[in-house]
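Go by the hints and put chain B onto chain A.
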Amino acid sequence: MASRGGGNSNSPNSVSSPDVRPSSPLPATNSSPAQSGRSGGRRRRRGSASPYPSSPSLGGFETPPPPGRRTPSGAATSRQRQNWTGRFPPTPSTPMSTDDVPPSSEAGDEDTPETDGGGVDADAAPVFVWGTNISVQDVNAAILRFLRHFRDPRDAGRVDPVMDEGKYMRAIHRILELEGGESLDVDAHDLFDHDPDLYGKMVRYPLEVLAIFDIVLMDLVARIEPLFEKHIQTRIYNLKSSVCLRNLNPSDIEKMVSIKGMIIRCSSVIPELKEAVFRCLVCGFYSEPVMVDRGRVTEPHICQKEQCKATNSMTLVHNRCRFADKQIIKLQETPDEIPEGGTPHTVSVLMHDKLVDAGKPGDRVEITGIYRAMTIRIGPTQRTVKSIFKTYIDCLHIKKTDKSRLHIEDSMGTDNPDANKTAEDVSLGDKVEKLKELSKLPDIYDRLTRSLAPNIWELDDVKRGLLCQLFGGNPLRLPSGANFRGDINILLVGDPGTSKSQLLQYMHKLSPRGIYTSGRGSSAVGLTAYVAKDPETGETVLESGALVLSDKGVCCIDEFDKMSDNARSMLHEVMEQQTVSIAKAGIIASLNARTSVLACANPTESRYNPRLSVIDNIHLAPTLLSRFDLIYLILDKADEQTDRRLAKHIVSLHFENPNIEEIEALDLPTLVAYISYARKYIQPRLSDEAAEELTRGYVEMRKRGNNPGSRKKVITATARQIESLIRLSEALARMRFSEVVEVRDVVEAFRLLEVAMQQSATDHATGTIDMDLIMTGVSASERLRRDNLVAATRNLVMEKMQLGGASVRMIELLEELRKQSSMEIHLHDLRSALGTLMTEGAVVIHGDSVKRV
Amino acid sequence: MVGPQYDLVGNPLGAVRATFERAAEAAAAESGGREPVAAFRGKDWGANEVFRSFLFEQGGLDKVPVLDASNLGLIKPNTLVRFRGMVQDMLGNEYYVGAFKDGSTWRTNKFSDFSPFSIPHPCDSHLWERHLFHCVPVPGQNSWTRESSPGPDVCTMSICLTPEQREKRKRGADNDAMDVSENGNVEASSSSKKPKDDDAHNSNSSPEVSMNKEHIPEMNGVDHHIPGSSFSCLVKVYDMPESQVKLNDVAEFIGVYTFDPELAAPTDNSDDIMFDLIEDVTAQLPPSKVPRLHCLVRRKLSAHDFLSKPPTAEPSPILLKSIRQSLLSHLTLVLGKDELAAQCLLLHLLSRLLNKVDVVTVGRLSLNFTGFNRESASIFGNQINNLIQRLLPYSQAIPLSIEYLNTATLQPRKDNKSGRLITGVLQLPQGTHLTFDETLLQSGSLTSKGVENTMLLKNLMESQMVEYDFEYYKLEMATDIQLLTLSEGKSNILLSDLIVPFRPSCVPGVNASAEELESWRWYLATVRSLPQSTESETYQVTIPCTTLSTNAVMYLMGTYLMSCAMFVPHYR
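Sequences listed follow chains A and B, in order. When we follow our numbering, the leftmost residue of the first sequence carries the number 1, and every step to the right adds one. When we follow our numbering, the leftmost residue of the second sequence carries the number 854, and every step to the right adds one.
Please keep in mind that the hints were generated in silico from the structure rather than gathered at the bench. None of the values given here were measured: they were computed from a predicted structure. Hints are not guaranteed to be accurate.
[Said to hold, decoys possible] Far from chain A, by Cβ distances over 10 Å, these chain B residues were calculated:
1) ASP860
2) LYS1302
3) ILE1352
[As the list claims (entries may be wrong)] Dumping the calculated DMTMM-like pairs for lysine to aspartate or glutamate here, alpha-carbon to alpha-carbon at most 25 Å:
4) LYS509(A) to ASP1322(B)
5) LYS1153(B) to GLU340(A)
6) LYS562(A) to GLU1324(B)
7) LYS354(A) to ASP325(A)
8) LYS509(A) to GLU340(A)
9) LYS463(A) to GLU754(A)
10) LYS390(A) to GLU947(B)
11) LYS463(A) to GLU559(A)
12) LYS260(A) to GLU982(B)
13) LYS240(A) to GLU225(A)
14) LYS1153(B) to GLU1341(B)
15) LYS896(B) to ASP252(A)
16) LYS1343(B) to GLU559(A)
17) LYS680(A) to GLU437(A)
18) LYS648(A) to GLU1315(B)
19) LYS255(A) to GLU947(B)
20) LYS1343(B) to ASP325(A)
21) LYS916(B) to GLU1105(B)
22) LYS1153(B) to ASP1333(B)
23) LYS1343(B) to ASP1333(B)
24) LYS562(A) to GLU947(B)
25) LYS360(A) to ASP1268(B)
26) LYS260(A) to GLU947(B)
27) LYS260(A) to GLU1324(B)
28) LYS1270(B) to GLU366(A)
29) LYS552(A) to GLU723(A)
[To be verified] Selected chain B positions facing chain A (Cβ under 7 Å, derived; list incomplete):
30) GLU947
31) LEU985
32) TRP997
33) LYS1099
34) LEU1100
35) MET1318
36) ASP1322
37) TYR1325
38) TYR1326
From the three backbone atoms N, C-alpha and C, an ideal C-beta is built for every residue, glycine too.
Okay, chain A solo, but in the shape it has when bound (with noise of 0.2 Å):
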């Protein structure tokens, strides 16, 4: 960058002596011998007829031999001074027309090369860049050989015409077709392969290095198209090794380093003066364009036009000055570094030109970059210089990165060009083989129940369930427009302290795009989504609800009684339909969500009633209820085998060192990628046994309610049912990362809906499953009774009381009633028949007298 920066200076008006800058104290030392590398070749260049030298003067810079008294560290300091002020690798420099001047770069430069002449006669002598063990020779020639003859391994297999080439001189070719790009990537990897030693250098000294790369690729650019006008710029990235924002340490500074972060704030552009334009007020003469040199300018003091001579006379004209772009960015650790119980670190980074805005406040990148220090002026117009120095990292290379839970890249399959992905695609293969050896285990579906909230204790079948949720089933579009969901719905009713929200927090945790509400703090607005009116422009805009922010992932709803009526009637469409319609405020819209849901409840009495049926306990709309694949009832009976077993789990807790009985599970991120593959690129389809054994099994479940001693007739299951056994095999399917739904995955799903049918749907009067239950809150036992009590009623009503006679107290006729039958007869049941009644105009009701009319 230095260089860079450097070959720009050498116009004959940017000489600035140190004295120019009041804040240091210190001589302005330079040490950029490539910068003369390149005013040499540019001299040259200009004496011959081409605009562009045909070949560079690299040997042309001796460099004193290093004082004895300097060190690296030295030499390092005093490039910093030099670069403190905000010297920033300009634009790629158009040639000026100096000609006439010597293009000595700097004024009191201790180590100023011989820039004239230096490149006709290449010493035999090695000749090192001051301070560094760089010969400038041997590295230009390992560049010249890097980028002739690098060729990608990858590539060896493949028969291309323009094989005979090496990657990167495609590269420029391309560069020189397209005439759009400014820069040339570099892998670093693939300059590590090529040829360690120079990697070490460029990490060593990059500003030597890339100097003379910069030069070497100018050179090689102008052999092939000498009327290519534009500069190119070396861009190296994805170095070896990359540290971590918080082990940056001075050691690194003027070294190369490859960071990653997120970026936290990005200043807006700022233009910097290149090059400066003068008029002269008197004469109205322009001068030659001046350049920026250390981030500053030199007003010429007298007019250079022969004729006027006017000092003083000089003003800036602003239309005619060039600018280039900078930006400073912060960058910040990401939150996977920081240590426990520390706050993130941040660094300065600067871009320039093409880097501006490539990344936003909030992305995850890379930054490959050369980290700087400079000292601190205390103030414009002092010479002191603290002795505390400020770093920051001049940017060479962006690349974003974007790696949130449960995305396993995407670069899988596809066939990137770019080559700048061998790395990670080798790591995923490697990561997709052992996901795959994973699958092949014979006992992963346990395994994946066990690493599922391990501290949880027991509860598999539940575990199970929320396992199939996570997997999913596929969801299927017909061509008429039908539309089946694959995510799996799943409502946990409970007992107060049995970890229903603890595996709820878990399975937040664990899901792709998990949002976790709860039932009390989410309104129906909150959840769906909501029209706002912008305050500025007018406009209504939609904000997005939890359901719709977690499409394709899980909604998880805490506290699912306590959510007002009118939010979850809201889940209705969500639910089966997947989608949220909008309709109001101008807006009429439908938004995806295709999110499973997940919700918890406790019974509406706080603990399970067992006298009390499901739907009462849950107090849900049976509507919404019979939305929900699977309905587990976790209740807290007392057991004493469960109960021991329960509080040695919770003791072994306790333990100093709490060993998690080290059973064979995923660890999180693993299970996290396995579950997310699985989701990508398993699409199981039935097959036939499978779709046989579903028919058969609903067939069953149908008739088990037929029993033929009984008259009643009792719905086990219903249409419903058998999409979601056909979710839960597919999901089932797909933990085994099998394209095919196979006859026990079917028989595993029917286990599964029976486990949670038995506890959720049984019919407390008779014993039996009874979907009845579920779906009108009634079971049908339950209403024969209501039948009957109705019919003993009227009777009753009919016998004993007169037309228009007095009134009779509901006790008394309770009474009666138990004493004519062998039921028991509560008092709200009767209630509840008189009540019927009361709708056929057969009985009047005023508080506890009953009239009949």
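What follows is chain B alone, placed relative to chain A:
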């Protein structure tokens, strides 16, 4: 080594430099003149030892004044001070010229902001790094902890600025003529900013008031929630692996107090746009308000360090038992002769976070006393608060009202503009005790901020985690906070582990003697820090409990802890 030669309190830098020069000479002789000081990067060359032995072995600690808001303007720069505080924010690293060659001798800048010698040639210098921490007095620190280690009275000491010197400072400021860098003599002729002088003068009369007035709005730009904590300190720590200091650690820093008028100069070079972003956060902490402390010796403070009497060697079971009994009886009296509540409160005070497994926190015991109304809350609540204040090093009482929830800033938030972590009420050191008075809560609507705040509290209650807002993501910080809730009925906002109906039978009116308090503090600190191991007997005790408890998981934790905490004093 050099102990007697230098007044370590008055001129610590002299000792630092002398030891360095000697060490550098020795190193130079050994290595033959090549890079003699390179080895000193990130290492100590013996200076630390000098100070350690002076402070801890020769009893020098008592001679070192404690830096606080009241004497900020009085202490001479470049003297040794100590500061007790909580690490509120970590400001990253700073690079400085650590060692440089002055003629033929190597000199060091370590432990100082700038060099008395002009830095000669840039290549003869080494860049070293140091860590910056923004420290504030511990939020909720109770007054008894301050008495425990009083420093010498600053005004009577030689290192104090005499009135004339202060006057001189003022004149210097008026003249605005500084020629500091040349004669290198900062102390005498240092000029300072006006506010500084005002501070210095005001602090004679009413330090607290003036400091509060002046600092709160400017310094942090937020409502500082803890009264009197407007004072803060920028501590520069050397030679330390990064992970040693954690956010919210409470530590004592002993080091060199520096005040550099040049650094105090306004850095409003707005013409240079890039300074805006490259400028670091220290620019917002003007040295006149936020003193710089170059830390020589640092030690983490635990509850024990606040006790004025050194703990007896081995806690004997009998001693523990008797203290426990007296504390328990006092608690019973304070709680209006409700013995059960007293027992629970004691267990609650002894609880500490043992372990965290995924979402399960083990060892906490948050307590909810129910049955309060406004009146009884004001009587007993105050009594309880007072007692807790006198027993524990850090405690706070939070009135949980709708208004409070809607307005208070509970969540610490990173301001990426300024690069600072803006503190919130819940940024607390480990082991803080919080009392929520829920009786003040009335029905009303919460704003979005109120909802956020309640979520934070709930999260804290359930998982002992506080989410810090880092704008683009949230970072969960583990805490260990004891939470006590006083409420009318069972609190549904703050679900505690243990809910105890509070039934007092008389009005409290007891006062404990200083001696008793002393012993109770010691008891609490000691028993809390005892290692708790789960023995198989405990195990057996726990299991019968579970069959009793219907509400399996949460309640069991509470009961388990009860038995566990009871075990410790009994069995030891």
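Hint by hint, here is what the structure shows:
no. : hint                     : verdict
1   : ASP860                   : holds (24 Å)
2   : LYS1302                  : holds (13 Å)
3   : ILE1352                  : holds (13 Å)
4   : LYS509(A) to ASP1322(B)  : holds (18 Å)
5   : LYS1153(B) to GLU340(A)  : holds (17 Å)
6   : LYS562(A) to GLU1324(B)  : violated (31 Å)
7   : LYS354(A) to ASP325(A)   : holds (8 Å)
8   : LYS509(A) to GLU340(A)   : holds (19 Å)
9   : LYS463(A) to GLU754(A)   : holds (15 Å)
10  : LYS390(A) to GLU947(B)   : holds (7 Å)
11  : LYS463(A) to GLU559(A)   : holds (19 Å)
12  : LYS260(A) to GLU982(B)   : holds (21 Å)
13  : LYS240(A) to GLU225(A)   : violated (33 Å)
14  : LYS1153(B) to GLU1341(B) : violated (40 Å)
15  : LYS896(B) to ASP252(A)   : holds (18 Å)
16  : LYS1343(B) to GLU559(A)  : holds (18 Å)
17  : LYS680(A) to GLU437(A)   : holds (17 Å)
18  : LYS648(A) to GLU1315(B)  : holds (22 Å)
19  : LYS255(A) to GLU947(B)   : holds (18 Å)
20  : LYS1343(B) to ASP325(A)  : violated (62 Å)
21  : LYS916(B) to GLU1105(B)  : holds (15 Å)
22  : LYS1153(B) to ASP1333(B) : holds (16 Å)
23  : LYS1343(B) to ASP1333(B) : holds (23 Å)
24  : LYS562(A) to GLU947(B)   : violated (53 Å)
25  : LYS360(A) to ASP1268(B)  : holds (17 Å)
26  : LYS260(A) to GLU947(B)   : holds (20 Å)
27  : LYS260(A) to GLU1324(B)  : holds (18 Å)
28  : LYS1270(B) to GLU366(A)  : holds (22 Å)
29  : LYS552(A) to GLU723(A)   : holds (19 Å)
30  : GLU947                   : holds (6 Å)
31  : LEU985                   : violated (11 Å)
32  : TRP997                   : violated (27 Å)
33  : LYS1099                  : holds (3 Å)
34  : LEU1100                  : holds (5 Å)
35  : MET1318                  : violated (11 Å)
36  : ASP1322                  : violated (12 Å)
37  : TYR1325                  : holds (5 Å)
38  : TYR1326                  : holds (5 Å)
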